[in-house]
Amino acid sequence: MENYSIVGKRIPHRDSVEKVKGSAVFTSDIKLNGMLYGKILRSTLPHAEIRSIDTSKAAKLKGVKAIITSQDTPLVKYSISPTWADQMVLDDQKIRYIGDEIAAVAAVTEEIAEEALDLIEVDLVELPGVYDPLEAMKEGAPLVHDAVRHNISKKLTMECGSVEEGFAEADLILEDTFKTQAQSHSSIETHCCIATCSPTDDVTLWANSQSPHPLRQRLAGALNIDAAKVHIITPYIGGGFGSKIDLDPSQAISVILAKKTGKPVKIEHSRKEQFMATRMRHPTITELKFGVKRDGTIVAKQAKVVMDNGAYNSHGPAVLAYNNVMFSTLYRVANIKYEGCLVYTNKNWGGACRGYGDPQASFAQEVMLDMIAEKLDMDPIELRLKNANIPNEVTANAVKITSCGLKECLTEVKERSQWEEKRINPKKYRGLGVAAMIYTGGGSIGSGFNYSGATLQMNADGTLHLLMGAVDIGQGSNMILTQMAAEIMAVEPQSIRLTTADTDATFPCMGTFGSRVTFCAGSAVTQAAKGLKQQLLENAAEMLEANIDDLELKQKKIFVKGSPQKSLSYAEIGAASFYRRKKPLVAHGYYNGPEGISPEFDPQNYRGYPAPSMAFAVQVAEVQVDPTTGKAEILSLTAAHDLGRAINPLLAEGQIEGGAAQGIGWALMEDVQFENGKIVNPNFHDYKMLTIKDMPKISPILIESIDPNGPFGAKGLGEPAMVPTAPAIINAIYDAVGVRIKDLPATSEKIYKGLKEKELKTS
Amino acid sequence: MQSKHRIQITVNEEEHDLLVHPNRTLLDLLRYDLGLTGTKEGCDEGDCGACTVIVNGKVVTSCLVLAVEVDGAAITTIEGMHSGDELHPIQQAFVDSGAVQCGFCTPGMILTTKALLDDIPDPSEDEIKHYLEGNLCRCTGYTKILDAVNIAIKQMK
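Chains E and S are the protein sequences, given in the same order. Residues 1 to 763 (my numbering) are what the first sequence spells out, left to right. Residues 1001 to 1157 (my numbering) are what the second sequence spells out, left to right.
Worth double-checking, as some hints may not be accurate.
[To be verified] Footprint (simulated), chain S over chain E, 3 or more residues, beta carbon under 8 Å:
1. 179-191
2. 238-247
3. 639-653
4. 687-693
[Unchecked claim] Now the stretches of chain S that chain E is said to cover, found in silico as 3 or more residues with beta-carbon under 8 Å:
5. 1005-1015
6. 1035-1043
7. 1050-1056
8. 1100-1107
9. 1110-1124
FYI, nobody ran anything at the bench for these hints, they're computed from the structure. The C-beta atom is built at its ideal place from N, Cα and C for all residues, glycine as well.
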């Protein structure tokens, strides 16, 4: 294995000193001269027709500077992809969920803006609403979007091999239904943006966006303005988890208000708005049918999925496709069938959320595997090993796998969790459960794009400046990516000046999602660094009159091997290049892969899903259930993750620990609850997330499968971290007390009810 | 509009003489009147702990405290933890342990830890968790935050 001096080191986040001092500037910390405060009037009805809006009283309130309605917008429909466009910044016809934007105000203070909202008179005609996706698909159900029949936004079908033939040769067939609930991203920082618009219509938007470059395009599209006139700046971002990828209506609204008033306009979501009107994890109903041989070989698997889209598409169609890809690609199964429906309802809508459709697939499939293992009297880890993916295979659904550490993950968790000892000698009310997962290790070019760009330049004084489109939302890419550049350039990562995620200053990057930054932005950064290194070497070879192959980089100097006295400092090379040779030292890197998309790729159902690598993970949960209350306590979680190579183990562990916390929350307590379209728990008091008291001991295990295409062999890790946690816990609860939870979250009530039902059956 | 009240407070050892509206929260006073934006707003309902500051030695969620209530008080915010480039041992421990990811909860976490260690210099794990229970973090799973507190305890002995 290569010997790296910076890659593989445990180095804290690049920005942590600023963050512990409180001097890191987040969007909400910015105050501009003459800044106004924007507030949005949101619907309190789930489904209604807009008759009229009267803003005259509000306009008279002292301190109000502008009020906008749909008439102030271009009425252009948008979404993350033009083919899914179903939303307008402010709709002129209909309200589709509680929280839908109707109008907005800019005023000199937040209080006046709020007061003005109360003075806007809206004449709405309430329409019957539909909140259950199964009801929404029925003939005659109210239509959320008038032109969309049966409220089905997207229908996916895929069959590989023949499940009919597969089931015919199976020794055991199991069928069951699994349900998952809405989860809120709940980053501690809410959405916030500040817009300015110059007299020449140049727009600057400070926004906590996970995808500033795509945001620039989407904002321009939704407002019908020239993207070349839009500048997006991302200050520090207080977490995202997928919620901050899309164009949020508040961002477009702040621009319109800024244009109308000629002043900067800031809009910051309250926590309630964050729950009501930003994205969440799509709830699903999954019917599974599995056929297996007596030896554990899965011969056929079939899923029928109904995904509750909510009122608008956002990422919904892609989340459904990912649900299919991850369900179908995990394990080596010859016959697979998938049918998925994405269904509109009059509720807040789903979006990208850590795992992107995979947690729902993993929950259903991994609990099903536990049920199969029990029926076959087979160890659940052995069952998974029997069917595990292997390196360099092409799966039945035409997904190309490069590196694959799934088997290593399974054997490592088995040993580290003391699986065998604890399963052989079980303690009362205690149990162990296992679950595996697959996810992309570097985004996908399925949408046609998977781009990341970087520029590395050496200044005349020999210092380095890295400019990249990638955005650090807390996951640590600012350190990971500078570590890669530093390794190649033989400098300390902290010594590299860094500019990120500014659409005027950096090459574009798709953004932070899809566990793609380490792989894609890392590929761009390493390419740029290698290019700059080559330039340095060529300069040095000429200046030192040496052969380029005899040169090496060390401590900001270039040496001739074997002649330590013959060297040049970076500063000497930099100065010579800039001033004497008049050739600035700069290199670019750009990634947009993978190359060689399978001819079998289907852009609808994502058969032949084109990802540059796939990541794997296995987690084992140990759980204790209190039989008097039904409460499940997680005692430990052993989490093995194939991340290709750990560029920075300290930060990798942080991703696994944080992901596990979100996975445990989803498994046991987190649930965005609706009553007739209204969220009844839109705050941290009623929406329960894990506190430090709820957190068990996490044992991260880093499996380095060294991906042949990844930068330094690395793959993505962020999203996988939460995917297998819930099914591992659910399987552990079954092992502990024999209660099988098939609809999340596994609340104490559900477990207690299961215990009582079991007692009744046995008595 | 209601008349303003005059208050005198000491923030990070600096005295301030201020006129505030009776409905001004301590959080808004710190962030908007004094420009101390290290104190964060996460929920404005006292549930998340991002706005934690220390008032007369006790941790408070500053979004739930009115500015007029702290007249005469001594307040410590995150900006008062370090002196120049020299970090407080708790801050240094948070950096070294990898306890900082997005950093939005970090100031509140550090101030709660400060109050904890001022009250109990050698706390048990239960005591640490009892103090930090009111500070939500969505990134780290708290594991490295707990590591940081334990390192700080050792450093400060």
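Cross-check of the supplied hints:
Note: the segment 179-191 of chain E has 6 residues with beta-carbon separation from chain S under 8 Å; the three-residue rule is met and the coverage holds. Using a Cβ-Cβ cut-off of 8 Å, 3 residues of the segment 238-247 of chain E lie near chain S, which meets the minimum of three, so the contact claim holds. Given as covered by chain S, the segment 639-653 of chain E passes the check, having 3 residues with a CB less than 8 Å from a CB of that chain where 3 are the minimum. For the segment 687-693 of chain E, the stated coverage by chain S is satisfied: 5 residues place a CB nearer than 8 Å to a CB of that chain, which reaches the threshold of 3.
For the segment 1005-1015 of chain S, the stated coverage by chain E is not satisfied: 0 residues place a CB nearer than 8 Å to a CB of that chain, which falls below the threshold of 3. Look at the segment 1035-1043 of chain S against chain E: 8 of its residues bring a Cβ nearer than 8 Å to a Cβ of that chain, three or more, so the hint holds. Requiring three or more residues with a Cβ within less than 8 Å of a Cβ of chain E, the coverage given for the segment 1050-1056 of chain S is violated, as only 1 such residues are present. For the segment 1100-1107 of chain S, the stated coverage by chain E is satisfied: 8 residues place a CB nearer than 8 Å to a CB of that chain, which reaches the threshold of 3.
For the segment 1110-1124 of chain S, the stated coverage by chain E is violated: 1 residues have a C-beta nearer than 8 Å to a C-beta of that chain, whereas at least 3 were required.
Checked against the numbered hints given earlier, the structure breaks hints 5, 7 and 9 and satisfies all the rest.
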